[in-house]
Amino acid sequence: MTISLPASIEETAALLSSGAYVADRSLATVLFLALKMGRPLFLEGEAGVGKTEIAKVLASALGRKLIRLQCYEGLDTAAAVYEWNYQAQMIEIRLAEAQGVEDRHVLAKDVFDDRFLIRRPLLQALEPDVNGPPVLLIDELDRTDEPFEAYLLEVLSDFQITIPEIGTIKTAEPPIVIVTSNRTREIHDALKRRCLYHWVDYPDAERELEIVRLKAPDAAEDLSRQIVSFVQALRERDLYKQPGIAETLDWANALTQLNAVSLNESNINDTLGTLLKYQDDIAQVRGSDAAQILDELKTAAE
Amino acid sequence: MTESSGHIAENIAHFARVLRRAGVPVGPRQVLDAIEAVQAAGIRSESDLYWALHTTLIHTQDMREIFNQAFHVFWRDPRMLERMMAMMLPELTTPPEEPEEQTSRRLAEALLNQETAPRQNPEPDIEIDARETMSAAEILRTKDFEQMSAAEIAEARKALSRLHLQHDRVLTRRTHPSSRGSLIDMRASLRASLRGGDIIPLKRRERRHRPPPLVVLCDISGSMSVYARTFLHFLHALSNDRHRVHTFLFGTRLTHVSRQLRHKDIDEALSAVSNTVEDWDGGTRIGETLRRFNVDWSRRVLGQGATVLLVTDGLDRDGAEGLEPEIARLHRASRRLIWLNPLLRYDAFEPKALGIRTMLPHVDEFRPVHNMASLEDLVASLNAPERKWPTAA
Chain C
1 MTISLPASIE ETAALLSSGA YVADRSLATV LFLALKMGRP LFLEGEAGVG
51 KTEIAKVLAS ALGRKLIRLQ CYEGLDTAAA VYEWNYQAQM IEIRLAEAQG
101 VEDRHVLAKD VFDDRFLIRR PLLQALEPDV NGPPVLLIDE LDRTDEPFEA
151 YLLEVLSDFQ ITIPEIGTIK TAEPPIVIVT SNRTREIHDA LKRRCLYHWV
201 DYPDAERELE IVRLKAPDAA EDLSRQIVSF VQALRERDLY KQPGIAETLD
251 WANALTQLNA VSLNESNIND TLGTLLKYQD DIAQVRGSDA AQILDELKTA
301 AE
Chain U
1 MTESSGHIAE NIAHFARVLR RAGVPVGPRQ VLDAIEAVQA AGIRSESDLY
51 WALHTTLIHT QDMREIFNQA FHVFWRDPRM LERMMAMMLP ELTTPPEEPE
101 EQTSRRLAEA LLNQETAPRQ NPEPDIEIDA RETMSAAEIL RTKDFEQMSA
151 AEIAEARKAL SRLHLQHDRV LTRRTHPSSR GSLIDMRASL RASLRGGDII
201 PLKRRERRHR PPPLVVLCDI SGSMSVYART FLHFLHALSN DRHRVHTFLF
251 GTRLTHVSRQ LRHKDIDEAL SAVSNTVEDW DGGTRIGETL RRFNVDWSRR
301 VLGQGATVLL VTDGLDRDGA EGLEPEIARL HRASRRLIWL NPLLRYDAFE
351 PKALGIRTML PHVDEFRPVH NMASLEDLVA SLNAPERKWP TAA
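Here the protein sequences come in this chain order: C and U. Each residue of the first sequence is one higher than the last, beginning at 1 in my numbering. Each residue of the second sequence is one higher than the last, beginning at 1 in my numbering.
Note that these hints are calculated values from the structure, not bench results. Check before you lean on any hint, since a few could be wrong.
[Stated by the list, open to error] Heads up, simulated DSS-like pairs for lysine-lysine below, C-alpha to C-alpha not over 30 Å straight-line:
id	chain 1	residue 1	chain 2	residue 2
1	C	Lys277	C	Lys56
2	C	Lys170	C	Lys241
3	C	Lys241	C	Lys192
4	U	Lys203	C	Lys109
5	U	Lys264	C	Lys192
The whole structure should be built from the sequences, with the hints applied where relevant.
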């Protein structure tokens, strides 16, 4: 059975929250548009703001298959699109020769048969599925190189893949495509132009608190509030890497494990490694910023 | 008719010479084409002439602007153009050495000022004063680049032709077919086997090389201005020669100018740069600008094994405050960090300034950059196979 796509922005937001994803209006809007227009959604943002999570939640909420392509340098068609099963092909050739098949054309036709095709994520995404077209997550596209981006152009605009030995494979129903990038380099405009673009920002305090309540339910309410205020204040500081939502949740879980009921200087210092991942940042915050932010929080609370 | 067409031909040839001097590549073939085109079209209006010349003399979009300007000046009054050219493109007899005053100023800063600086530092009032003068000295103005002289054009051209960094390459994880490669290309081997014979001929692949990204951080403060200008020509050539060149200029703030420098025409590129940059000839805050680079840019441009060229004299108005952790971080984030320092031209140079002493331990290479010869050395160094260089001068 196919779950139908949301018909409005409100429904999109509801769909995401049914999958325990707290989205703001702008994200729900672009996601709705991407689904409605059948265009890939290009999500860019700092690490740990929940870009990948969107695809996962979307797949599970819609009951679709999630196909994930993790990008890395040197990613090529053999790993991303398809590959021939060479060993099986070689055996096929030997068998055919043993049976006395002489015609090379017949042999070539047999060898480049569907049976010997190993399907990689991009090709899998074009296959029909009983639950409706799958969600294709192309994760961290910035890690791969320009040639692969160029290859993606055909896939993302026409949803078709050309295999020289077989021909062009098309799909009647294009997959839902989510592309993410951490912006460790700029992705070419040609690719971005084929997608709807959205910059995923850090959440505001209200939304972040909602996320913490949802994802770290064991943390005491007061503690969650303090954690969110502290992290929000920390993002105002001049740090190399500001903590993402993933770090906030890690921190909340760490503090809960330590049975903390509220923030104080010592438990902050003990658990700072879950929140900040650069030594310089940790040194800066541990030194003075932590105490300062705590003071501010206390004054604000009074 | 013959007389008048002869006159036109002469003028067109003259116009072509003017364009050539302004940096537009116009060959004799194009001049002949232009004459033929103008005669074929017949000159009824200025616009006809304009497009006839444009279509024959200009072949890249980038040259359109300079053509446009030259056209309108020239065809109104060729003599005036002569005069204009004389002003715009002076045949500068710039001495290779810079004026005495400049030299002594930089020398003084490098060799003397830093010795007095520590004595000033303990007095907080003076330190605050120094900061204020620095911000006052941050001259927020659009600096109009002198148009290049013919001699400089020639020089830049020569630099351009030398700037093919052929061997500055890193191994990628991508492969390409190669008869002697170490990897076996199963797909090609299988295809080859289908062509017949009992033996499967093994086809091979090998890993591909490609130039790494190049990130340039160039100091444009007062003490560097003479060199920065020359160096911009070099950077322009580099930006047009290879992919993935990211250029940043800094004085008291960091400005990203890669896109401006990618313009084919050097004059347009430089004027775009000077429109973007706001802190020409001001002070330097190396620590602060490096921090801005590290925080805002390093993750975006240093990702794929970048070579970093840091062009600065290392004379820091902030007294090297906050410089150490930033230069160390830059060093850790880049595959190869090369420091180009024009002060190295002086034999008497010793790394006395605090900024210089702070930065020295954190660079892979330390070399001069003050004339064409040193730029050639740099190119040679980038071309050389990668190895660790002694860090001390």
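Do the hints match the structure? See the list:
Note on Lys277(C) and Lys56(C): the hinted pairing holds, with a Cα-Cα distance of about 25 Å set against a maximum of 30 Å. Restraint check for Lys170(C) and Lys241(C): the C-alpha separation of about 42 Å exceeds 30 Å, so the hint is violated. The hinted pair formed by Lys241(C) and Lys192(C) meets the criterion: a straight-line CA distance of about 25 Å does not exceed 30 Å. Taking the CA atoms of Lys203(U) and Lys109(C), the gap is about 21 Å. The hint holds against a cut of 30 Å.
Distance check on the hinted pair: Lys264(U) and Lys192(C) sit about 25 Å apart at the alpha-carbon level, within 30 Å; holds.
Checked against the numbered hints given earlier, this structure breaks only hint 2.
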